[in-house]
Every structure is written in structure tokens, then in C-alpha cells.
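If you read the protein sequences in the order shown, they are chains A and B. Using this note's numbering, the letters of the first sequence map in sequence onto residues 1 to 287. Using this note's numbering, the letters of the second sequence map in sequence onto residues 1001 to 1360.
No lab work stands behind these hints, which were simulated from the structure alone. Certain hints may be false.
Among chain B residues calculated to face chain A with C-beta under 8 Å, some are [said to hold, decoys possible]:
hint : residue
1    : V1122
2    : G1137
3    : Y1209
4    : V1211
5    : R1288
6    : M1293
7    : L1297
8    : L1302
Derived coverage of chain B by chain A (criterion: at least 3 residues anywhere in the stretch with Cβ under 8 Å from a Cβ of chain A; other residues may be distant) [what the hints assert, rightly or not]:
hint : stretch
9    : 1125-1133
10   : 1139-1147
11   : 1245-1255
Remember, it's a predicted structure, so these values are computed and weren't measured experimentally. Glycine included, each C-beta is placed from N, C-alpha and C at the ideal position.
Given next are the chains, with one letter for each unit.
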Amino acid sequence: MGGTQLLLTFMNGLTLGGLLFMVASGFTLIFGLMRVVNLAHGAFYLWGGYIGLTVTVVTGNFWVGLLAGTVIVAIGGGVAERLLFRRVRGDLQAEILLAIGLSFVLADVALAVFGGDSLSIVPADVLRGNIEIFGVRYPTVRVGFLIIAIIVLLVLWVILTKTRIGSIVRAGVDDREMLGAMGINVGVVFTAMFVFGAALAGLAGVAGGTFLSLYPGADSEILLFALVVVVVGGLGSLWGAALGAVLVGTVISFGTTLMPEFLYFLMFGPMLAVLIARPQGLMGRTI
Amino acid sequence: MSTLVTTRRPLAHRANLGKILALGLLTLVVYAMPYLTGQYYVGIATEILIFGLWAVGLNVLVGTAGLYSLGHAALLGISAYTVIYCQTMLDLSFLASSLIGVLVTMTVALAFAVMAMRATAVYFLMITLAQGMLVWGVAQSWVSITDGDNGLRGGGPGGGLEEYYNYYWFTASIVLFSLVALKIFLSSRLGLRLRGVRDSNTRMASLGYNVLWQRIIAFMVAAVPAAVAGILYVGYFHYISPTAVTVTASVEGLLMVILGGMGLFLGPMLGALLIIGLRTELATYTDRWPTVMGVLLILSVLFARQGVSAILVDGFRRLKRGNRATKDGEPLQDLDHDTNIRAAERDSTALVVDAAESRQ
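Taking the hints into account, I'd like the entire structure generated from these sequences.
Okay, structure coming up:
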């Protein structure tokens, strides 16, 4: 592996990590606050991508598509929380089973509507073509979404640590009953968090639609990658998700280049090791 | 408590007689299937028996030990892959391959059990999900052994057993034998300990039991029917591919358990009947099986957590008690409450017995 290819593979890993972070951060925040393992998160991602694609094609404007994918999936997430998850609040297994059921329906309906072919979104002019990094030409769109992912990370971090909303969420992660007793409407906070997490999945879906592609099965693939990310990083931890995303992105990128046959060992081996040795994840707290 | 037990006893005896009669009749119907219908439905019945056994095994984890696994299809798959590989590549007999299949499956199950046992609830789900994905990934990418997406073909008992009705009777007998063995195990003290761990692992721990060890036993016990089902799967399909070990396949097993009812031993068998029957029937009308499955899962979680079998049993009891209850005007107890009391009685007795014995 030459220097150029090494750099390319590394950049692929890093940009994939950015995408994984956008998916995983929503997932991990929902888990951190409500203990819901939202296995429908991958389906949210896929629908974000498909909606973004449709709206981009119809309006001819990529940014409108990006916005539509994010907002519509966010609303869908809120509806799912109100109609489904709220009814079984606190019952971990029931919540997971509902999420699985929801993901089956969403993925299958997507297959019926958008077909089995691999589709991709043509991004805005600014993001098309290549830019030069350390003398290597690299797709602009990947770098663009890596920057967006970093902005998302910083915004989330500022919101969580510096604002009143953030302190409510952090308090909820620590002790939900007490938060309710303090006069905060926990139900509204939960729905808001679900909407927000789904929005991140939808945004990631549009991003994924531009430089990976959208196809049946992309939902469970991204969900599993995100699961590995949050388990390695620590469920409920924002920086854990960021660290995990970069690690997993790099492993996937080098794995597919060097030894595609053993990619799954490469990914799930470390995950199992983390689960056994440090079940709370690299940066997580004991739950 | 003691009055409860004494008033219940004669009732329980009558119920047992009825139960034995019903089970006998059921067995008769199962064995008479090839006389009642043709190759198509006997084939479906074979499939139902195979997956029913597998789901009853999964219920040892879900219903008895309270652990939801998302990787149970992996165990069936490992068994099936091993059997076909041994038969076609190593030229071993079906019997020898089957024994190796069980051995390999149990070895992997032990490794999986050790990995997953410290985790409960959410983490158990995620670890088993990862294990399932690992097996799927290996099936997909270890081409020299598994032939990747093409899967492995061949295997099976050969000879007269290849006739569909003979294979059906063979499957029915193996499944019946496995179910009886499993039932005996679950009613034994070891089985009661598993339930004890589900209900209160702190109490079990304080009674001196190693909770982790009980969970490993539960996992291993659940793996045996999966291994057997894998062998029977080979004889029926003569084919295995990564599709059989996907997460979707594992979820289908969970759906069988939940829809059929985890509270009853044969509930998951009923679930297999419903799921496979429905899937086969719907296949002619629509390709949207995953949607149907998802909706079923959501509905059964929201509205019928105890499954169809519980609804049936509940309805049956209402019918039986109906007249008396309405005359006396006494409210009907719901099934949950009823079974919980019984389970609690049994469990506490077992614990007391066990505790007394271990003190000696």
C-alpha cells in the first residue's frame, strides 16, 4: 500500500466516520436519555436518504432535499415516539421489539416504493468534483459532509454543556424521576429528543445518499455500524460516539481494502472484546 | 397459601387429565397428517415442526430465563452448515455429520454464552445481535468453507427417509422426543432454578446459586434444540445460505415466541404454526411479508404481550368457568395473575426445597 493509497484509505475511513457519527449520535442520545435502543434508527436513515433524493429530483435543489429529508424524518420520529414507544415506556424489551417491528415495516415499504436498485443523490454544485488534499485529489462531497459532521458534534457539545436544554437532558440522563419532580415535563423532553435523534438520522441519510448509495439493506448495515460505534464508544456518550465513529470508520475502510473476507471479524471482534472487558464502552459510564 | 394449594389440587388433577387427552389427540393428528393431506401441506408441516422446535428452544432463554436473543438463527445455521459440509466435503454419513453438527454448535454456543452471560436486558440483546451478525458475516465471506452467497447444497439422510412422508414422520418423532426431553428438563430442579434467576437473581444469589452459571446453562439448553433443528433443516431443504442466519431470521424466531406465547411450553410451536402458515399463504398474494411481520410484532407487543396461546387458554378457562362465575357474580381472574401465582407457588416451593437440601 503506497503513501497515496494509504492517505486515500485513511480519508475514506475518516469521512465514513463522520457519517457514522451523525447516525450514532442520535442513537446514543436517545439511548442515554430514555434507555430506548432504537433499532429503527437505520430505517430512519434510509428514509431520510430516499426523501432527500425524491425532493432533490422534484425541486432540482439539493439543499431543499437535504432539509426535507431531515425535517420529515424528524417528524416521523416524533410520531413514532408518541404512538408507539410512549405506550411501553420503561419496558426495555418491549421498546426494542417495537423498534424492530417498525424497522421491518419502514424498510419493506421503502423497498416497495423505491425498488431494489441502488440509488444515489447528486449533490449541489459546490460539493461536486474533487479537491486537493496533501497533493491527492479527493471527492469534495465526502469532505463537505465530514465538516458538517464536525459542526454537528460541536453544536451538540455546546448545547449539552452550555444551555438550559442541555442541562435538562443531562439531568434526565442521570435521574429521570428527579427531573420530573423538579417540574420539567419529561414527556415533552422525550419526544423532543426522539425528534432530534431522528433528524440526525435523516440528515445522515441524505449525506449517505450522496457518497455511499441507497439500497435495501443499507438501513441494517448502517444501523449495525452505528451499534458497533456506540457500544465501543460507550452508550449515551457524545464524545464516545465521536471516538467510536472514527475508529470504526477507519477499521471498515482499511478492512475492505486489505482483507474484505474478514471485515466482520475485524468489526465485531473488537466490539465483543469491549463488551466483555468494559461493558460500559471506552468512554461510557456504568449504567 | 396452603389453603390455596389444597383447594387447587383436585382441579389441577382434572386439568392434567384433560391436558394429557388433548396432547394425545394433538400427537395423533400430527402423525396422521400424511394421511389427511398431500405433499404440499406435509412439507409445510415439516417446516413448522422444525422451526417450532427451534422456537421452543429459544423460549428457554426468553420465557424461562428472561433473556431476549437476537442471534438464535446463527445456532441453527451453524449446525446446518456443519452437517452439509461434513456430508458433502468430508464424505461422512448423515448420522456422523449430525453428531459433529451438534458438537460444533454446542462449542460455539458455549463461547457465545460465556461472552453474553454478564450482560442482561439491553446488553444481552446487543451482544447476541453482534454474535448473529458475526456468524452471518462468516457465512457470507468465508467462501472456501461456506461458498459465500451461493450457500451449500446437498446433505440429508438419504434412502427411504427422502420420501416426503417418511421424512415428516422422522422429523415429528425427533421433535416429539426433543420436546419431551426439554419439558422434563424444565420441570426438573435445574429448570426451576433458571426461572428463579429470571424472577429474582439477587434472591437466587443469596441462596448460594451462581447466577452466571445458571444463565450459561440456559443458553446451552436453548442451543440443543437449535442444533437438532439445524440437522432436520438440512434433511428438509438440502440447502443452507447466509439468508438463513440473518438477523431477520432470528427476529422471526422471537416473533414465534411472542406471538405464540412465552408463558406456555408449546406456545412458540403455535407461533411457528401461525408465522410459517401465514407466510406461506401470503406468499401467493403479496411480497410484503416483512411489513406483515413488523405489524404483527408491533401489535402483539402492544396488545397481546402473552401471545395467542394465552388468549386461547384464557378463553377456554372463561368458557369452563363461565357459568359458575356469572352465577356467583365473582370476578374472573385474569390469566396473568393466575399463572403468576402458580409460578410463584412452584418457584418458592422449589427454592425452599433446594435451599433445605443445599444446607444439609
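Going through the hints against the structure:
no., hint, in the structure
1, V1122, "5 Å, holds"
2, G1137, "3 Å, holds"
3, Y1209, "22 Å, violated"
4, V1211, "16 Å, violated"
5, R1288, "6 Å, holds"
6, M1293, "6 Å, holds"
7, L1297, "3 Å, holds"
8, L1302, "6 Å, holds"
9, 1125-1133, "holds (count 7)"
10, 1139-1147, "holds (count 4)"
11, 1245-1255, "holds (count 4)"
Against the hints set out earlier in the document, violations occur for numbers 3, 4.
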